[in-house]
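Chains as they are written, first to last, in the working numbering: chain A, 123 to 612; chain B, 30 to 132; chain C, 84 to 699; chain D, 49 to 551.
Read the hints as simulated data drawn from the structure, not as lab findings.
Where a beta carbon is used, it is the ideal one built from N, C-alpha and C, also for glycine.
Take the hints with a grain of salt, since some may be wrong.
What the hints assert, rightly or not - Covered, in the sense of this in silico footprint (three residues per stretch, anywhere, with C-beta under 8 Å from a C-beta of chain B), are these stretches of chain A: (1) 152-163; (2) 235-249; (3) 269-280; (4) 373-385.
Claimed, not checked - Some chain A residues flagged as far from chain B (calculated, every beta-carbon gap over 12 Å): (5) Tyr264; (6) Leu266; (7) Asp390; (8) Glu497.
The lines below spell out each chain.
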Amino acid sequence: MLIVIATAIVLMLLIGIRRSYVGTSATAITGLLLATIVAAAMLPYTNQQVTPLLIVDQYSLFFTPIICALAMFIAILSFPYLFRLNDDKEEYYLLLTVATVGAIIMVSSNHFISTILGLETLSMALYGMVAYPLHCKESAKYPLEAAVKYLVLSAVATSFILFGMALLYAKTGTLAFSNVTTAHELEAGATYIGVTNIGPMQGLSDNYTIIALLLIIAGIAFKLSLAPFHMWTPDVYEGSPLPATAYLATVGKAAMFVVLLRFLEISDALAFDSVVTAFTLVASLSILVGNLLALLQDNLKRILAYSSIAHMGYLLIAVIASQYLAGTISVEAVTFYLIAYVIMTLGAFGVASVISSSEKEFDEVSDYRGLFWREPWLAGIFTAMLLSLAGIPLTVGFIGKFYLVLAGVESGLWVLLGVLVVGSGIGLYYYLRIVYRMLLPQRDAFAYREAGIESLSSYGVLALLLLLLVVLGIYPTPLMTLIQSVAAVI
Amino acid sequence: MPQTIPIEHGLMLAGILFCLGLIGVLTRRNIVFVLMSLEVMLNASGLAFIVAASRWGHADGQIMFLMILTLAAAEVAVGLGLIIQMYRRFHTTDINVLSQMKG
Amino acid sequence: MLELIWLLPTFPLLGFLSLVLTAGKLPQRVVAIIGAGSIGLVFLVAALIASQFLDSGAEQFVFTAWSWMSVGEFTPGFTFYLDGLSLVMMLIITGVGFLIHLYSTGFMLDDPSYSRFFAYMNLFVASMLMLVLADNLVLLYLGWEGVGLCSYLLIGFWYQKPANGYAARKAFVVTRVGDTSMAIGLFLLFSQLGTLNIQDMLHAADAQWAIGSNYAVLASLLLLGGAVGKSAQLPLQTWLPDAMAGPTPISALIHAATMVTAGVYLIARNQVLFELAPDIQLLVAWIGLATLLMAGFTAMTQHDIKRILAYSTISQIGYMFLGLGVGAWSAAIFHLMTHAFFKALLFLGAGTVILSLHHEHDIFKMGGKRKQLPVAFYSFVIGSLALAAFPFSSGYFSKDEILLAALALEGPGIWLWAGGVLGAFFTGLYSFRLVFVVFFGESRGHHDAQEVAGFSMATPLFILMFFSIFGGWITIPVESVFSHGEAHVEHHVSALLHGIMIVVPLLGIGVSYLFYVSKTFSVEKLMASSLAQGLHKFWFSGWGMDRLYDTLFVKPFLWLARINRNDLVDWLYALIVELTRAAHGLVVRSQTGSLHWYALSVAGGLLLLVFLGVLL
Amino acid sequence: MILVLLISILFIGGLLAWVSEIFDPALPRIVALVTVIVELLVMLTLLGATDSPDPAWLASINAAWMPRFGIGFHLAADGLSVLLLLLTAFLGIIAVGSAWNEITERVGFFYFNLLWTLAGVVGVFTALDLFLFFFFWEVMLIPMYFIIAIWGHENKNYAAMKFFIFTQVSGLLMLVSILVLAYFHYEQFGFFSFDYFDLLRVNTTGPLEMLVMLGFFIAFTTKLPSMPFHSWLPDAHSQAPTPGSVILAGVLLKTGAYGLIRFAVPLFPEASMQFAPVAMTLAAISILYCAKVAFAQTDIKRLIAYTSVSHMGFVLLGVYAWNEQALQGAVMTMLAHGLSAAALFMFAGGLQHRIHTRDMTQMGGFLAKVPRMATVALFFSIAALGMPGLGNFIGEFLALLGAFQASIWATVAAALGLVLASVYSLWVIQRVFHGAYRAEVGTAQFNESQLLDFDRREMVYYGLMMLGLVWMGMYPQPFLDLSAGTLQTLLENSRQLLAAVPN
């Protein structure tokens with residue numbers, strides 16, 4: 123993590139000294155690569171609380187390299203994308219690295235302050251990335267609108283979270299994540315240290331806790347774009363440049379989900395039925411609404427946005443299941459599915475950003491007509507990613523779905539499973555729609571952008587992702603065992 | 030001997046402020062006011078932290094409040110930046126011009 | 084020697100295969116040699132086997148070619164079973180079959196698809212032999228369906244005319260209805276008796292079931308359904324008249340001599356079963372009676388020479404059923420044989436007529452052809468005499484026995500007898516109506532027709548004439564088969580009854596003479612009354628059965644098919660799709676793009692959660 | 049080990065076929081043909097094989113795959129599997145043959161998909177780990193989707209989509225059921241397992257049993273298919289290219305039947321026994337209903353598609369009668385229908401390839417023009433209507449014979465299907481080959497010069513299939529013996545389980 127920060131600083135200096143796109147991007151990438159390797163190497167070491175704010179345990183150490191790797195991939199993908207942008211391009215990488223720092227803080231935080239810190243660092247940087255190609259007319263369509271919407275709404279969400287935290291703090295008296303069900307004992311034990319001292323204090327009713335939790339959940343649900351807090355998602359996805367969208371969709375979501383998981387596990391919030399009800403409602407809404415919205419959508423980015431809504435809904439099933447399950451199976455399910463999700467989402471956006479560029483984004487489904495015969499490999503990768511999103515075997519997405527369903531079955535969440543089946547059914551339709559478009563004979567007299575030399579590395583990344591997708595889809599055992607071990611700590 | 034304010038009242042006040050801020054965000058059409066209402070919301074939660082802190086007699090609450098202040102500042106900074114861009118492009122601060130993406 | 088029995092179906096099968104595989108590339112002469120020759124060979128083998136069998140004096144002979152399948156206790160084999168009954172059938176099929184093949188070599192000469200014809204014919208003989216020689220009901224069913232298929236193929240032989248195709252499909256489907264009932268009967272028998280080997284099955288039935296027990300009734304009823312279908316008895320007789328669309332030798336072989344009598348064979352074969360269900364046996368008799376009368380009436384009104392013969396066939400098989408019903412088993416089989424002779428003769432004669440008159444079918448466009456078509460004339464006269472049971476012609480003996488047996492039956496016997504006699508009267512009437520109209524009176528067309536009757540066509544006719552006359556003196560070796568339960572005919576019936584039975588057919592002949600030759604009575608006068616008109620129309624249409632079935636089954640089925648051409652079930656799924664689309668349309672409106680609305684949704688969502696969380 | 053070989057041959061062959069296109073577009077079909085022939089030869093070695101510790105199985109292999117959930121890579125083949133494997137390989141050859149001239153564009157990718165579909169099917173027929181089974185179950189669909197979606201006819205998108213969604217959604221239900229079953233095992237034995245034999249031991253009695261069984265039932269009857277889940281089939285068939293239809297009708301449908309026999313009933317004996325009356329009624333309905341709908345069709349491929357739904361009804365009937373005759377009947381029907389339906393689709397495809405229409409109202413009187421084609425069509429139509437002496441008869445007769453002992457009324461109703469079968473089969477012959485030749489009438493909508501008779505190569509394929517049907521019809525014993533062992537053990541197991549259940 124320090125390395126990432128270091129990278130950020132170095133970048134700042136570099137940009138200060140001499141503007142060189144290649145240079146900065148290279149530095150950023152190497153820095154992130156380094157961070158990835160180191161973090162991965164640190165994995166075997168045991169948990170320790172670095173300052174009251176941050177905990178460095180297996181779980182955070184498991185996600186840190188993933189996030190760094192993602193950031194690195196996105197950086198690589200951004201390189202060709204921004205290559206022709208006639209504007210200062212360097213700061214983009216700065217923002218990217220800073221955002222990554224925020225994400226890393228989030229995954230390794232078990233304290234309100236660090237959570238907010240990380241969350242805001244991430245968001246701030248993201249506003250920048252979303253609005254980045256603001257100045258050039260022909261570039262990504264509505265970056266400004268996207269940025270403003272994202273800013274205002276996520277500020278609202280943040281304030282929800284903050285207010286909820288405040289209430290919890292009032293209840294429990296600590297800013298660290300803590301068990302809210304046992305708060306009464308705390309209160310009973312404590313006495314006023316206020317101005318005057320009159321007898322033991324009277325406890326706050328449970329409703330405070332519940333409202334507090336719901337506030338926090340609502341805030342987080344917004345960041346994860348869960349229904350009914352999802353409406354910003356498609357607009358922001360569509361408005362922002364593809365790499366930024368990819369970052370938002372992968373790193374942003376993953377980090378946030380880790381926080382949610384940690385918070386729920388430590389503060390045994392699901393013990394409150396009302397919280398479970400809330401989650402169930404949110405989950406089923408997200409699955410149905412997400413898939414339905416995507417059904418006849420023609421803009422690829424929006425389709426992916428809606429599908430991500432649905433996928434977050436799927437993930438919640440496992441989260442809810444964790445309440446009913448003794449073992450770590452649900453945590454494993456969430457973790458595995460998160461990884462599957464980031465791989466396939468990044469892959470999908472990656473393909474899109476390879477065939478697009480900052481001047482012209484090809485994000486209409488019709489733009490992909492005949493891709494299969496024009497660029498078979500690219501189309502093949504895209505197909506694989508889409509099938510994986512649809513949860514078809516041979517891909518990691520299937521194993522992820524398998525995990526979720528298993529968790530759901532074990533905890534007998536039949537309703538949610540039913541919703542999942544229906545949702546996946548609808549999902550098949552719009553994923554296949556894209557696949558079918560790619561299979562159609564290609565429309566000639568249509569200006570496609572052919573990737574130049576600068577996007578070779580992107581192909582490399584995509585190939586790597588495809589490899590992961592398939593290998594983990596066919597032989598996931600190593601990853602399973604790894605996750606099993608790291609999940610133990612939560 | 031000064032009467033202490035019961036914590037509920039403090040939280041109530043904070044809550045009311047929070048709601049006012051929220052309503053502001055929902056209703057104002059001018060983006061500048063929207064940002065201001067956001068400030069109100071953030072500070073309301075800040076107030077809530079103070080109250081809670083006074084209940085437990087920690088400093089943590091105040092620290093958090095300071096955090097929130099800086100955070101709000103940052104938000105506004107970015108926000109204003111965007112507003113300027115927006116004004117350049119549309120020559121208005123009416124938030125409804127930013128509703129081209131839909132469906 | 085007897086082991087050669089496996090050759091019987093094999094030869095025609097080889098003939099079939101060689102003709103199909105060469106696909107009409109062979110010269111007609113070779114085709115004729117293969118087609119007719121194979122059957123001739125079979126006839127020789129059959130004759131040899133027959134003499135061997137009769138000499139050996141054995142009651143039956145079983146030969147297993149190979150075991151077909153064995154699943155659990157279900158073990159039918161390709162096993163042939165030879166006894167008096169199947170011997171008779173075998174000889175009829177091969178003998179008459181050979182003659183008809185021989186005739187066809189001449190008759191079909193100018194047909195382009197000569198070899199296709201003989202291929203089908205051979206296949207038919209093979210399946211027919213399979214049917215009569217089968218020792219288990221499954222193998223019998225194989226032959227049963229096989230002959231049905233061949234009858235379909237041959238009725239539709241001239242496929243260019245859609246009408247023929249329709250007739251063929253009608254024949255197949257109607258008989259298939261019967262076959263299905265028979266198949267269900269097989270399932271019942273197996274599930275109750277645990278075997279489909281005929282002899283074992285019959286013994287088991289004898290042992291397990293009391294007389295008139297439900298199972299026996301049900302089983303025999305289902306088998307009867309099959310028999311009725313194949314043998315064109317009420318209520319499934321409608322297909323046979325249309326089946327005349329096929330070439331005339333087909334009508335002679337399949338729809339007169341052999342296949343249509345398979346039902347009679349089936350019932351005779353399962354005699355024990357039917358005796359266990361007396362009601363059903365009696366039903367057989369009544370069905371026979373009703374059919375023979377119905378067909379008799381109808382035959383009188385037809386104009387098409389072949390349809391007349393077709394209805395007479397139906398009515399003669401009616402006699403056989405009557406015989407089976409009253410327990411005159413061997414008499415029924417005897418009549419089967421004689422009928423094979425004279426009906427084949429009649430059909431082949433008709434073939435000659437039709438061929439000579441350039442495919443003319445309407446008897447009222449003929450007349451006075453006695454000189455032009457001598458061979459046909461003699462065959463018709465002799466055949467009709469036998470058909471009308473003219474004393475001491477072959478038909479006389481067989482029909483006589485049946486009627487006597489009917490008379491001997493207590494209870495309804497007398498009525499059955501009376502009906503039979505009435506039928507005999509009409510038989511005489513319509514058969515000689517045909518003869519007189521075609522061969523006597525003045526010519527009504529085709530004045531210069533030359534008889535087409537080469538050697539190959541004439542010889543069979545002469546042979547069949549011989550048998551039609553003297554066939555009555557043959558004794559068939561079926562006593563051992565029907566040893567028990569044979570209705571023993573008391574021969575001391577009064578001379579009066581005998582007299583009646585002899586006179587009545589002659590009466591019929593006389594009446595038709597008065598109508599059609601001496602014109603003492605005139606048909607026109609008779610037809611004057613509206614009642615007669617109505618009756619005529621009713622009889623002519625074969626008692627309106629066709630229209631009945633049309634309205635009962637065909638039309639509803641077609642209607643159902645039409646209204647549901649594209650599958651109701653599909654609509655269900657289409658509905659689901661539509662609902663999903665509608666839902667999409669609904670939710671997609673929520674994406675207004677307005678920031679206020681989004682913020683509102685966020686706040687609203689929060690409120691919802693709090694509401695649920697706190698108030699619930 | 050041999051089983052792994054069987055699957056990998058096809059996978060690798062597929063890749064080779066795809067790659068070989070680079071060198072010469074004529075190469076892939078040869079590669080594919082060689083692959084399937086080799087496949088068939090290797091399969092034949094299975095017949096005498098003893099490649100398994102358990103003598104009841106001819107060959108088996110069991111390797112750990114995802115130990116976390118007790119998922120193993122467990123393949124095994126017994127008589128039943130081998131029968132269906134042979135059918136698969138045989139029809140594979142036929143399919144390659146039918147593609148030989150019809151598929152002209154993107155040849156390499158086509159054969160790739162074809163062979164991978166077959167690979168998936170082989171996996172389905174041999175997998176004994178339910179996870180692995182499901183894995184192959186889905187894997188075989190994707191290439192089939194491509195085959196329909198790329199090389200299909202005018203309405204291919206709709207058909208392919210429908211096919212995929214139907215099978216996937218039903219598959220997902222099955223996945224849930226599988227997991228519930230595995231969870232039962234976890235509760236009762238303390239560890240996860242997806243192994244067939246482990247799961248057979250699971251005591252499924254409980255409120256959930258019926259639902260879990262239905263999960264399997266729906267997945268399998270969707271693939272079979274049977275009322276009311278059949279509506280994907282007519283579209284898929286009428287739109288798929290000929291080889292696609294051949295594989296679809298000949299092999300893919302059989303996986304559903306196999307699933308019922310191997311998994312649905314044995315895993316849930318009680319539920320199946322309770323459910324049997326419903327299932328048999330369903331079977332009878334789909335026999336009659338689809339026969340009726342078939343008769344109404346004018347699109348010859350749709351017609352044949354509906355008839356195969358109707359025939360699969362006999363399989364369903366036989367399986368749920370669950371006695372030896374019925375099961376043997378079901379298996380024989382699977383094999384015989386595999387050949388007859390494949391041949392009929394091939395004939396229809398060949399016809400469409402020649403005159404570019406599937407509309408029977410455009411046809412008529414072809415017998416004079418194409419006698420060989422007519423003979424072939426006639427043969428397979430009468431095979432389809434259950435003519436004794438041909439395979440279909442054995443299957444349907446045995447199925448009905450067995451079913452009669454289980455449910456009289458369902459059987460009687462189903463038997464009426466025989467009548468309807470004769471109605472529609474002969475209708476096809478009438479519409480296409482009989483009547484006056486259109487061109488002479490002058491109403492032909494097609495270029496009659498293209499209406500050529502089958503050539504020698506095609507006749508070889510049809511001849512092979514005819515021989516197969518005659519063999520099955522005249523001397524089915526080898527086939528029956530091969531599957532007898534499997535079926536008897538299955539029956540025995542379920543009998544014991546039922547006996548064990550206190551009711």
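So, going through the hints one by one against the coordinates:
no., hint, result
1, 152-163, "violated (count 0)"
2, 235-249, "holds (count 6)"
3, 269-280, "holds (count 8)"
4, 373-385, "violated (count 0)"
5, Tyr264, "violated, 6 Å"
6, Leu266, "violated, 6 Å"
7, Asp390, "holds, 21 Å"
8, Glu497, "holds, 28 Å"
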